[in-house]
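Asker: If you want the building blocks of each chain, they are given just below.
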Amino acid sequence: MNNDQLYERYQRQLILKGFGAEAQQKLLSASVLVIGAGGLGCPVLQYLVAAGVGSIGIIDDDVVDLSNLHRQVLYNVQMIGRPKADCAVEVLQQLNPQTRFNIYNERLTNKNAAAILSAFDVIIDGSDNFATCYLVNDACVLLNKPLIYGAISQYEGQVAVFNVLQNNERSANYRDLFPHPPKEGEVLNCAEAGVLGILPGIIGTMMANETLKLIAGTGKLLANRLLTYNTLNNQTYELGITARAETRSLIPATEAALLQTDYEWLCSSATLVNEIDANTFNTIIAEGTAAIVDVREKDEQPVVTVFSHVQIPLYRLLQHTAWLTENTIVVFCLSGKRSAQAAKQLTELFGASKKIYSLKGGIQQWMLEQKQTV
Amino acid sequence: MITVLFFGKLAEVAGSSVEVQKVSSTDELLAKLYAQYPLLASEKFVMAVDKKIVSVNTILSDHSTVALLPPFSGG
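One line per chain: the protein sequences are A and B, in this order. Take the first sequence: its letters are residues 1 to 374, numbered as in the working numbering. Take the second sequence: its letters are residues 1 to 75, numbered as in the working numbering.
The reader is advised that the hints may include incorrect statements.
Straight-line C-alpha distance at most 30 angstroms; calculated BS3-like pairs for lysine-lysine [said to hold, decoys possible]:
1) B/Lys44 <-> A/Lys360
2) B/Lys22 <-> A/Lys344
3) B/Lys52 <-> A/Lys220
4) A/Lys213 <-> B/Lys32
5) A/Lys355 <-> B/Lys44
6) B/Lys44 <-> A/Lys344
7) A/Lys298 <-> B/Lys22
8) B/Lys44 <-> A/Lys145
9) B/Lys32 <-> A/Lys298
10) B/Lys52 <-> A/Lys213
11) B/Lys44 <-> A/Lys354
12) A/Lys298 <-> B/Lys52
13) A/Lys344 <-> B/Lys52
14) A/Lys145 <-> B/Lys51
15) A/Lys337 <-> B/Lys44
Worth flagging that the hints you see were computed from the coordinates, not collected in a lab. Owing to the predicted nature of the structure, the values given are computational and were not obtained by experimental measurement.
Could you put the whole structure together from the sequences, leaning on the hints where they help?
Answerer: This is the structure:
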């Protein structure tokens, strides 16, 4: 394409105050990786390619399905059953023949993430699951890549720019907002919850907008902020997020550590809970070095007075973990059910740095056994 | 009076907003909300006080707005 054609193609944004030829040149030399060519990925790709981003990577291991077409606007019925990344590039190449594409018809995993992400300046997360979301976030922090984040649920969407360098500091990332992945079933996905096709269109174009601003160096980014948008009432809500030092400890610090982190597992399967019986419980009490925590509500019966412990109801537990400085923590409740949940939460938080136990059968069973031994 | 905003699936449990009287901290507020909406206890969310994410018990002023925001994973 000669310069006249280039000028003509981008004329409307070249004449825009605060954009111009310099910004256009930045777009042409930029490379962007779009993870997921679905509801969010489609509008992101369309607008970035149209705007003149020079090099685009698309990673998606899925094929086009009839149920995608109400929101994944790059595809048509002829494409059903074919890989999304291939189909997307076919359409996008016609929109802008100058764009260079890298197609990855595979799933992003902890094995390929570092190699693929390293090749791009900006990463865009349009994925539809938490395993990928946390993997992408962690890999971006590890590799010092800015991350444009978007996610949707039913009628609402979230947008943010993570890990971008501002005044020599990296802005907050997803783990500053949600430190730990939810378990399968805790949060609905689109297939379970439903979504109106326009919502990813709106959120996806917001993500494309942040990407263009980031590359062109114009405007104010959604860095250290999360924007939520509700399509039913058009309300937006913006939250401030602060980058926290603790977050760094949750993110693999090296590529080797990333390879060791199993994101599918983190996001789905149950954490094993170490349960102990009354005898072991008594031994630990006698040693006197562990934190014993009653996770029942205040005033719940029976009241325990025979050994010293702290009381933190289950729902408040994660907000009060700063109190738990001991290396061993034993949680109990009435029957052992809530304490198992508590142990799970603590194990996820502390990992291998502390020993976490739950009293099997709860204080009920323990009291019964004390009576028998007396 | 504290205004509480619920986002995503939480709004299905508690409505999009409620007003809560006489609470002085986020812990107190949560206890009240859990008592009123027991289903909230099984939901995952972060809390923001006056548009700032908080991760520890936080003192609320009389006109604070508290937002409870769940993670979204759809794409």
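Asker: Now look at each hint and say whether the structure bears it out.
Answerer: Checked hints:
Only pairs whose Cα atoms come within 30 angstroms are accepted, and B/Lys44 paired with A/Lys360 is accepted, the gap being roughly 25 angstroms. For the proposed pair B/Lys22 and A/Lys344, the alpha carbon gap of about 33 angstroms is over 30 angstroms, so the pair is violated. Between B/Lys52 and A/Lys220 the CA atoms are separated by roughly 18 angstroms; this keeps the pair inside 30 angstroms, and the hint holds. Our distance criterion of 30 angstroms between C-alpha atoms is broken by A/Lys213 and B/Lys32, whose separation comes to about 43 angstroms.
Between A/Lys355 and B/Lys44, the direct Cα distance comes to roughly 24 angstroms. Compliance with the 30 angstroms bound is thereby established for this hinted pair. Among the hinted pairs, B/Lys44 with A/Lys344 is consistent with the structure: their alpha-carbon atoms are about 14 angstroms apart, no more than 30 angstroms. Our distance criterion of 30 angstroms between C-alpha atoms is met by A/Lys298 and B/Lys22, whose separation comes to about 19 angstroms. About 28 angstroms separates the Cα atoms of B/Lys44 and A/Lys145, which keeps this hinted pair within 30 angstroms; it holds.
For the hint linking B/Lys32 to A/Lys298, the alpha-carbon distance of about 13 angstroms falls within 30 angstroms, and the restraint holds. The straight-line distance between the Cα atoms of B/Lys52 and A/Lys213 is roughly 24 angstroms, inside the 30 angstroms bound, and the hint therefore holds. Distance check on the hinted pair: B/Lys44 and A/Lys354 sit about 23 angstroms apart at the alpha-carbon level, within 30 angstroms; holds. Proximity of A/Lys298 to B/Lys52 is assessed by CA-CA distance (about 29 angstroms); at most 30 angstroms being required, the pair is judged to hold.
A distance of roughly 28 angstroms separates the Cα atoms of A/Lys344 and B/Lys52; the hinted pair therefore holds under the 30 angstroms criterion. Pair hint A/Lys145 plus B/Lys51 holds up; C-alpha atoms about 26 angstroms apart against a cutoff of 30 angstroms. Straight-line distance between C-alpha atoms of A/Lys337 and B/Lys44 comes to about 19 angstroms, which keeps the hinted pair within the 30 angstroms bound.
Hint violations for this structure: numbers 2 and 4, all remaining hints satisfied.
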